[in-house]
Every structure is written in C-alpha cells, then in structure tokens.
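Trainee: Below, each chain spelled out in residue letters.
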Amino acid sequence: MTTLDATRPHDAKPGPEVDNYLTFTRGFLSWALTLDHKRIGLMYLVSVLGSFLVGGIFALLVRTELLTPGATIPGVDENLYNQFFTLHGAIMVFLVIIPSIPAALGNFVLPIMLGAKDVAFPRLNLCSYYLWIMGAICAVVSLTVGGFDTGWTFYTPYSTTTSTGGVIPVVTGVFILGFSSIFTGMNFVVTIHKLRPPGMTWFRMPLLLWALYATALIQVLATPVLAITLLMLIVERVFLIGLFDPAMGGDPVLFQHFFWFYSHPAVYIMILPAMGIISEIISVHAHRHIFGYRFIAFSSVAIAIFSFLVWGHHMFTSGQSPLMNTVFSLITFSVAIPSAIKIFNWMATLYRGSISINTPMLYGLGFIFLFTIGGLTGLHLGTLNTDIHLHDTYFVVAHFHYVMMGSALIAMVGGLHHWWPKMVGRMYNERHGIIGFALVFIGFNVTFFTQFMLGSHGMPRRYYDYPSEFQIYHVISTIGSYIMAAGFFWTLYLLVQSLFTGKIAPANPWGGRSLEWQCSSPPPHDNFKTTPSVGDCYDFSVVRWSEEEGGYVVDRNDEDASKPDH
Amino acid sequence: MANIVSPFEDPSTRLSAGRFGMLIFIASLAMIFAASILGVMVVRFEDSGVWPPEGMPSLPGILLWSTVVLIASSGTQVLASRAAGRGDGPALRRWMIMTLGLAIVFLIMQGWAWIDLLDRGLDFSRHLYAWTFYFLTGLHALHVIGGVIPMCFVTARAVRLGYTRENHRGVAYVAMYWHFLDVAWITLYVTLLWGVGTLPW
Amino acid sequence: MIDLSSTLANLASNTVLALQDVATSAAPAAAAFAEPVVEQRELTGGFWLPQASSTLAPATDFAFNAITWLSYVFFFGITFVLVYLTWKYRQRGTEVRYDAGAPVHNTPLEVGWTVIPLLLVIAIFFMGFKGFLDLSTPPKNAYEINVTAAQWSWNFKYPNGATSNDLVVPAGQPVKLVMRSNDVLHSLFIPDFRVKHDVIPGRYTYLWFQADEPTGIVPEDQMATTTKGHYLFCTEYCGTDHSNMGRKVFVLNEEDFKEWEETQARWLDEVPDEELYSVAGPKLYLRCSNCHSIDGTAGTGPSWGDQTSGSIAGLGNVWTRTIEGKTPIDGGTRDDGGSTLSDYIGPGKLYETPEDYIRASIYNPGGLLVSGYGPNMPHFKGQLNDRAIDALIGMMKQLDQFDAKGRYIGKAPN
Numbered sequence: 001m002t003t004l005d006a007t008r009p010h011d012a013k014p015g016p017e018v019d020n021y022l023t024f025t026r027g028f029l030s031w032a033l034t035l036d037h038k039r040i041g042l043m044y045l046v047s048v049l050g051s052f053l054v055g056g057i058f059a060l061l062v063r064t065e066l067l068t069p070g071a072t073i074p075g076v077d078e079n080l081y082n083q084f085f086t087l088h089g090a091i092m093v094f095l096v097i098i099p100s101i102p103a104a105l106g107n108f109v110l111p112i113m114l115g116a117k118d119v120a121f122p123r124l125n126l127c128s129y130y131l132w133i134m135g136a137i138c139a140v141v142s143l144t145v146g147g148f149d150t151g152w153t154f155y156t157p158y159s160t161t162t163s164t165g166g167v168i169p170v171v172t173g174v175f176i177l178g179f180s181s182i183f184t185g186m187n188f189v190v191t192i193h194k195l196r197p198p199g200m201t202w203f204r205m206p207l208l209l210w211a212l213y214a215t216a217l218i219q220v221l222a223t224p225v226l227a228i229t230l231l232m233l234i235v236e237r238v239f240l241i242g243l244f245d246p247a248m249g250g251d252p253v254l255f256q257h258f259f260w261f262y263s264h265p266a267v268y269i270m271i272l273p274a275m276g277i278i279s280e281i282i283s284v285h286a287h288r289h290i291f292g293y294r295f296i297a298f299s300s301v302a303i304a305i306f307s308f309l310v311w312g313h314h315m316f317t318s319g320q321s322p323l324m325n326t327v328f329s330l331i332t333f334s335v336a337i338p339s340a341i342k343i344f345n346w347m348a349t350l351y352r353g354s355i356s357i358n359t360p361m362l363y364g365l366g367f368i369f370l371f372t373i374g375g376l377t378g379l380h381l382g383t384l385n386t387d388i389h390l391h392d393t394y395f396v397v398a399h400f401h402y403v404m405m406g407s408a409l410i411a412m413v414g415g416l417h418h419w420w421p422k423m424v425g426r427m428y429n430e431r432h433g434i435i436g437f438a439l440v441f442i443g444f445n446v447t448f449f450t451q452f453m454l455g456s457h458g459m460p461r462r463y464y465d466y467p468s469e470f471q472i473y474h475v476i477s478t479i480g481s482y483i484m485a486a487g488f489f490w491t492l493y494l495l496v497q498s499l500f501t502g503k504i505a506p507a508n509p510w511g512g513r514s515l516e517w518q519c520s521s522p523p524p525h526d527n528f529k530t531t532p533s534v535g536d537c538y539d540f541s542v543v544r545w546s547e548e549e550g551g552y553v554v555d556r557n558d559e560d561a562s563k564p565d566h
Numbered sequence: 001m002a003n004i005v006s007p008f009e010d011p012s013t014r015l016s017a018g019r020f021g022m023l024i025f026i027a028s029l030a031m032i033f034a035a036s037i038l039g040v041m042v043v044r045f046e047d048s049g050v051w052p053p054e055g056m057p058s059l060p061g062i063l064l065w066s067t068v069v070l071i072a073s074s075g076t077q078v079l080a081s082r083a084a085g086r087g088d089g090p091a092l093r094r095w096m097i098m099t100l101g102l103a104i105v106f107l108i109m110q111g112w113a114w115i116d117l118l119d120r121g122l123d124f125s126r127h128l129y130a131w132t133f134y135f136l137t138g139l140h141a142l143h144v145i146g147g148v149i150p151m152c153f154v155t156a157r158a159v160r161l162g163y164t165r166e167n168h169r170g171v172a173y174v175a176m177y178w179h180f181l182d183v184a185w186i187t188l189y190v191t192l193l194w195g196v197g198t199l200p201w
Numbered sequence: 001m002i003d004l005s006s007t008l009a010n011l012a013s014n015t016v017l018a019l020q021d022v023a024t025s026a027a028p029a030a031a032a033f034a035e036p037v038v039e040q041r042e043l044t045g046g047f048w049l050p051q052a053s054s055t056l057a058p059a060t061d062f063a064f065n066a067i068t069w070l071s072y073v074f075f076f077g078i079t080f081v082l083v084y085l086t087w088k089y090r091q092r093g094t095e096v097r098y099d100a101g102a103p104v105h106n107t108p109l110e111v112g113w114t115v116i117p118l119l120l121v122i123a124i125f126f127m128g129f130k131g132f133l134d135l136s137t138p139p140k141n142a143y144e145i146n147v148t149a150a151q152w153s154w155n156f157k158y159p160n161g162a163t164s165n166d167l168v169v170p171a172g173q174p175v176k177l178v179m180r181s182n183d184v185l186h187s188l189f190i191p192d193f194r195v196k197h198d199v200i201p202g203r204y205t206y207l208w209f210q211a212d213e214p215t216g217i218v219p220e221d222q223m224a225t226t227t228k229g230h231y232l233f234c235t236e237y238c239g240t241d242h243s244n245m246g247r248k249v250f251v252l253n254e255e256d257f258k259e260w261e262e263t264q265a266r267w268l269d270e271v272p273d274e275e276l277y278s279v280a281g282p283k284l285y286l287r288c289s290n291c292h293s294i295d296g297t298a299g300t301g302p303s304w305g306d307q308t309s310g311s312i313a314g315l316g317n318v319w320t321r322t323i324e325g326k327t328p329i330d331g332g333t334r335d336d337g338g339s340t341l342s343d344y345i346g347p348g349k350l351y352e353t354p355e356d357y358i359r360a361s362i363y364n365p366g367g368l369l370v371s372g373y374g375p376n377m378p379h380f381k382g383q384l385n386d387r388a389i390d391a392l393i394g395m396m397k398q399l400d401q402f403d404a405k406g407r408y409i410g411k412a413p414n
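Chains as they are written, first to last, in the working numbering: chain A, 1 to 566; chain B, 1 to 201; chain C, 1 to 414.
The following block holds chain A by itself, in its conformation from the complex (with noise of 0.2 Å):
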C-alpha cells in the first residue's frame, strides 16, 4: 500500500497505471478473504442477483402453471406448485430483497459517499456476507431433504406439522440470514456516527445515508423478534410442543404477531433504502438542488418509526380483537404521510431542473410512477371493511409486489446502472439500457395490474387451481410475466456486454455532487488518499462538462463547507 502514489489527487483521470479496487491484488483468496467493503459489495452483488434468478425462475414457473385452472405444466401438482411459490417468496424476500440495497450497493456506496476508508467493522462486514452464503446453502440443504411447502409466512400450526422435511433447514438459513442482516445493520449505524468526515453534519449527508441509517435501525431492533420467533418454531418443529400449539394451550395467532413484528418492518427495510437511491438518481440526474431536504430525511426516520407500530394491519381477519383491528388501521395511515410527502419533494425536485432523461432517470421516474399505484392501493388494505374482502387475494399479492418489487427492486436495478461505472469503470449502452427499462416497465404492470382486478374480484392468493372465469386475468398476467423476464435478461446482457465493450467511464459521468463522484472509476482500494472536504452535496451549481475528461467536474468543491445546513 506504501509503494502506491501518494500524490495522486483524488479526482484523478482514470487509466490502466492507477490503481483500482478490483485489479489492486489477483487471486481467489484476495477476493475470498478482502476486508474491502467494494469487493464486498460486489461479491453481495453477484450473490443477490444470482438468487433473483433462481426466485425468478420459480416466479416464471408459478405464472406458467397459472395459464390454465388445473394442471398446466405436465409433472407439477398441488404439492409441487406451493414448494414453487413458497421458494419464489421466501428467496426474493430473506435472499434477494432484503440484502439487495443495503448489503449490495449500500456496502459499494455508503463509506465512499462519507469519504471513509471502509466501513467500521471491515472483518465483521465480511463475516455477514459468509452468514449471507451459510443462509443460502441452508436453503439449498433443505431442497435436497424434500424441500418446504409453508409458504413464507411460516405460519403455525401448518409450519410445524407439514410432512415436507425442509422446514427446519430453511428456518435455520432464514435464522442465520437475519444475524448477517443484523450485523450489517450495526455496522452502518457505527459507520454513519464516527466516519463522517469534517464539514458533514448529519443534515449535510446525502438522503441515501438517511435511508440506510434508517432501514439500519429497524434492522437491528426488529430482526431479532424474527430470529427468535424461528427458533421457537424449529424447537416445536422438534419437540412438538411450544408456544404456538393450540393443542397444549399455546396461541397459534402469537407467531403471527410475532411475525409481523418483524416482517411489516422488514418491508421499510426493503423499501427506504430504495427511496434513498431515489432521492440520488432524480437529484443527480435533474442536477438540481433535493426539494425539501429535511422533510425527505425525516420522513426517513418517520416511517422507521411507524413500521414498528403497524404489523397488526396484516392480521385484520385473523381473530385479534376490534378494537387491535381499529387501532392498527388507524396507525397504519399514519404511515401513508411520510411517503406521499417524498413523492411529493421528488417532483419538486425536476421544477426548473436540468433533467437528463437516461436510464437510471427513467428507472428514478417508474419507481415514482409504480410507488405512486403501490401506495394508493395500500389505502384499500389499510381500511378496515375494504381489507375484509380484499385480504389474502391476489389484490394482496398485486400490492405487495407494486411495492417490494415494482419500488424496491426498480430502485435497485436503477441504482445499479446509477453506479455501475463507478463500480466497473464501463459505461453500459444507453440506449440498450432504456430498451431493458421499457420492457421490465410493461412487463411488471401488465403482469400485476392485473392481478388486483383478479383480486378484487376474489381470487384468493396460493391456489394451484381456480375457477375458469378468472383465467383471462391470469394469462395476460403470465404473459406480462415474460415480458418482464425478457426485460431482466436483457438487462443483464447489457451490463455484461459493457464490460468488455463499453466504453472507459469517467470519474463523474453523471455530473453527481456527493464524494463517490470524486474518486476515479472505479475508486482505488482506499477510496481517497486523505480524506476529502465535503461541501454542500446537493449544490449543482459547480458542476460543469468538461470535454477532456469525457465526464462532469466539479469546481471549487469545499468552497460552500461554512454555508448554513440544510
């Protein structure tokens, strides 16, 4: 590390004599032990992706047997179709979403965003990502023993007295899934406190560090009820006996509370660290100052609040009292405030903006668009006689994937081609990325606007088999389903194709203000040499192209450090 330039500036050209962080040491074990959060980041990246696609294949294979009531695919029955339905649930949700933003791209971004080295615990940041695998070959584990058919809920007394023999590995792979979820958690909550760097206060960071500092709360204090709750229903799986048994005086509607407890937090978890990457993209790629800065990060830390006193709205036909019910509904609304109020400052943000319409734009734009229908239907489950009808059908199973899919994920794909050139040094084709855009964008509302007519008109979600008048709906929403696919793989191509073919990014392709646009492409195994001066990271107004760099610069970056917070 000593023999390295030390004078380089931080924002220097990038080129094949600068060190970076992939190329700075070779070999598997570099890779396999690197204390590096961008490594980490990447092989998290690599993981997470890998399981999208396999829940993404058991997405494809429900929709396809779908197309018809009865048997479709030759060979697949009842029991065969809710193994593919809980795997699809249980790998999106524990696998791919949860880690997806935090652990992916906030472990590449969060500590070059506050100019830091690495993140605080760089050993124990490591050691989530190995508990990542273990979670993941656990459920890998119970496949072979005859898989699980509980759905991802879990729900007792059906998870501890189903003959499928996978439950307890895989309740113990999500076990192990929530500690590295923990441990992440923890570590970008110490990171946020002690790393900042001088001249960044906590109303100076940028919104995306708000997000993840409050998705980190939430993980820290509500993944543990989880683990918990999971040890319990491996220990009655065992014993037959415990606190869920109706049998021997436990309360079966206890685990679902407990649950919910956890899994109603753990949609913020998905879903703030999205509107976080939100509030970058539509800034970054607007070039325009973020509209109410405050009430954006506070609105963060609100619905970090909220998630915690809402879970019961899952439960308003499962036999808790009226009055829960009400009490439940009524907080439940209170949730809508904090987001309808970001949608509200995003747009704010493009007035008299300098909107680059590109790929990570379109992708900030539909996740508004698809967030916007996400949280209006939420209305509909949040009312109390509406939800009666509406819970448990595909009107469910529509706004839930609206959000967690539609939002979240949008957020993270969009994210990724966001900082893409940072984390490969290659630009992506732009105009191939706007084809992936547009054929994920058709494709998810065409398979899930359907679904809350399916719903709203009663289909009832987890049915192998359905009356024949619902079958319109579900082909158009199999069809729907293949379009999106076609858009993912698409997706994918493009970004592997750039790597060998795209073109060398700049350091700052976008014209972004915060640091991780300071550093080259991709950023040198410290990320900065001494740690730089922040200055206002919303402040558009010194950036400029510049021709030479083939990328935008930014003059007189800490000139702004003595103006007045946000």
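Keep in mind the hints are simulated off the structure, nothing from the lab.
Derived DEER-like restraints, expressed as beta-carbon distance ranges: (1) N160/C / L60/A: 50 to 60 Å; (2) R19/B / A486/A: 47 to 57 Å; (3) F76/C / A486/A: 27 to 37 Å; (4) V496/A / R82/B: 55 to 65 Å; (5) E9/B / T25/A: 13 to 23 Å; (6) S163/A / F20/B: 39 to 49 Å.
Yeah, the Cβ is synthetic: ideal placement off N, Cα and C, and Gly gets one too.
Position chains B and C relative to chain A; hints supplied.
Mentor: Below, chains B and C alone, put in the same frame as chain A:
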C-alpha cells in the same frame, strides 16, 4: 497487508466506535429476550390454570444462588475493567480469572437446576410451564456460552499480560456483554418467579 | 371504463371457449366418461368488484369505490406532473442548464401536502371503521350455523342436526357462522358477500352476513359445476388441496330453506338399508375424495382400492399393506415398521374386526398409519354417525361397483 482492518487511525476513536457497535448489538439481543418474555407472558395469561400445574415441581432454590454468582461475576468484571483502564496487568489477570471462574460456576449451577428438575419429572414436552422454564433458561445459557468463549480468549491474553492502558478493547467489549447477560438473567428470573407464581421462600 | 370492462369480459369468454375447444379435441378419451357439460361462468359485477349480494356489501363497495376514485385523482395527477416536468425541463446534450433561482424548500407547501393527505386518510379510516363495526357485530337474532374446517373440506352443521358440505342459508335473515378448525388455519371467504374470517384451531371465530336474493339450489353432484350460487373459498393457505376447498353458497327463501334443512337432517335415515352403500356411500365419499382415491392412485391418504395391482377389488387386498414404523398406538409408540395391517386385526388383537379398524381410523385417524403417509387426516367424530360409517364401509367392500370418481355404476354382469 492489503486489507484495511479498521478505518480508524486513532485507537481511542476505534475503541469508542467498537463500544458503540457493541451497544447496538446488545440492543439487538435485548429484543430477543424481550420478545421471548412477552410471548411467554401472553401464553401464560391466556391460560386460566395455575402454574406450576398440579404435580409439577416449582423452581429449584439453586437458581437463587446462581443469580448471586452471576452478579458477583459482574462485580469482578467491573474490577477487571478498572484494572485494564489503569494499565494494571496483574490485577486484570486476577480479576479476569475470577470472572471466568464464576461464569463457569454459574453455567454448572444452571445445569444442576436442569438435572434436578428432570429428576423430579419436569419433562420438556409435558406442559408449557416446563417448556417456558427450559426455553428461557436455555436461551440465556446459550448466550452465556457465547460470552464465555471470547472471555476465554481475553483471559488468556490477560494472563500473558497482553493488554495495555491504551489498548484493551477486548476487555471492554466482554465487560459490556457480560453486564448485559447479568441484567437479562435477573429479568428472566423475575419473569419466571412472577409468571409462575411461586417464590422460592 | 365500462367499455374496457365489457371488452375484457368478451375477450375472456372467447379465449376460454377457444381453449376449451383445444382441450376437447386434444383429449377425446375424456369425452368417453360423459362428463356433465361445464357451464361457463362469467365474472359477475363491474370492472373492480363482483356482484354485491349481502346487505353489508354496499357499504364496503362504497368505501372501495371512494378510495379508488381518490386514487385515480392522485395517480393521474402525479403521473401528469411527472411527465410534464420531465419533458419541460429536459436537458439536451451534456451541458447543465443550472437554474440558480429554483427553490429548494417551501414550508407552506410542505405543510400543505402533509396536512391535506392526512385529512383524507382520516376520512377514509372512519369510512372503513364504520363499515367494520357493522361487519363485526352480528345481530342477536342471527341464525347460527356451526362450521368445521379441516384439511381439505368444510362441514356446515345446522341447529336441527342437518349437515352439509356446501353452505345453504336462508334469505332475508342474518346468518352467523360459528367456526373452528380441526387442524391448521383456514379462512372462510365469500367474495359476493364481502366477508372473510380466519378459522383457527383451539378457538371459535365468528362471521355474519345477510343475503336477501335467493339463488336456488342444485343436487349435490352438480354443485361443483353449476353457475348457481356464490363462491366460498378458503383464503388461508392450508396445504396441498388449499385451492380445492372452494364450495358454493346457496341462498334459499324461507320455505325452501325449511324444506331443505328437514330433508338434509333426515336423508341418511331415509335411504333404505340395502341401498345404503350405493346411494349414501357416494354422497359421503365426496368428503373423502380429496385425499383418498378408490382406483389405487396414491393421494394425500392411501387409496381405498388396491395400490399394487391398481384393481378395484374391495376391502380384501387392503390388509396386506405395511404399516408405518413408529406409529403412535393408544398413547404408546409401536416401533415395528414392516408388519402389515392384518397383524393387528383379528380376535384378541388391537382391532377385533376390519370394520373396527375402519371405524377407528375415521374417528381417531393416525392410530395405525399405512406406510408412506403422514398423520394428516382430521377426525370425523360428531360428523359421521354409525349409519354413515356403515354406508362407507359398505362402499369400500364393493368398490368394483363404483367408477373412478366414486359414482355408482351397478353390479358387474357375471
């Protein structure tokens, strides 16, 4: 070599970051105990019957003594931490060995309580009363074992006089975790006494 | 909107008809069974909601529609502003046109778009709350029906002792369902009534509705295929045949309901003894058919027929089946897998006669499990009386007189 083990250059910021991280981890573990206690309470009060049910033994008195031992180990841990802060290696060595010894005695006493109850016929799967006792004490014992392992490493290093006044992060972290286990056990013990409705005197 | 919905409906029926053509021509063998013609149902109701057939449905629909219209306003408003601003302020090329005067915050605006949505959602909450109070308060004079859910069937039990697999209710009168589950969680959902509630083991849950419009009723063997009646679904995932727990709700006017209830309570007694197995057997078998085939095909439970030869030979061949090791028998565990059922049946053994074994297996399933099957069967204590069990045993003994679907086809000519 190539890897940055910590981004903090100055040992005191590194220690304060580490302590902060430990605090968050403890908050996380506290949620585990809080949820277990809450779950047990919900089920206990939904059950209109008497706990312990007819014919099942009440909590053994040895738990009271193990509680005393655990509190004592927390006390010796405080003395160990102070010694580390002064840079007093021999005192640190003495108090760490004491703490580790008390920790192991505590585990043995918990095991004793289990054996005693099993002897008196309190089978894990007979009733949720039994389940509650074994689950809560077992959960705590697992955490104690999880604390004793790093404590062994810290004690071994203290025996070699490996800590200095400036660098004693291991001692600091183990101490935080240990005090947490102390508080967690007292909470659990009160829960068991209160929820079960029988005091040992 | 209305145009779109009718277009979709047309499209739906055309596609389904086309698919049916394909299915029939591709599988001529299926026609040989002379299946009853399946009437094509169409989605009832409007673009979003199915027909509203209970007295509380209009309140739910009002709330649904109000929220939906509000959503349209916000959705189209946001989309329009989004597209307009993006287009108006788009940047051509790479040069940033920085606008130094663009506002970065505006407190009255922020307060405005915090408070207005807040007021709207509070209004929505009260709308839902009011409807929910009505939904969760059954009238005192409600007609009570006991519901037992089990994997994977429903049983509805009426005050006069009548039982039914489909829900038949009187019109113009509040009906209260008192529900419990024999095994795992289930949930009873009637979309046309806008009611749903989970059914939980170890406790009772309630649900009520009032339907005013009679639907008529059809004979039991046509219930699955008729277009009459309302759907009743299980909406809490409960395993293999979760999607096959769907039944029908029939609403009868007072007179017809009384008559149906009477007949339903007596039907088993009225079947002549010699026709018990051939008439009552198949009707009762409908509750077993989700798990037990009679042609030797393995299901969730063992087939009634012989598995090894695939023949329908009656009870005789069943006794050679091996039993599951570690089967709990009368509290203890017998760890002797590999022995056959016949080892346990006979004078002085666990079961005196084969009939005793069948009866025990229906009342207390899981006592002696056939190898390869789990303890999945719910018990039928209090649901099947001695006569019903006689009918089922009679049917088992003469399986060769039934087709693969359990329909009586008569004695084979010798």
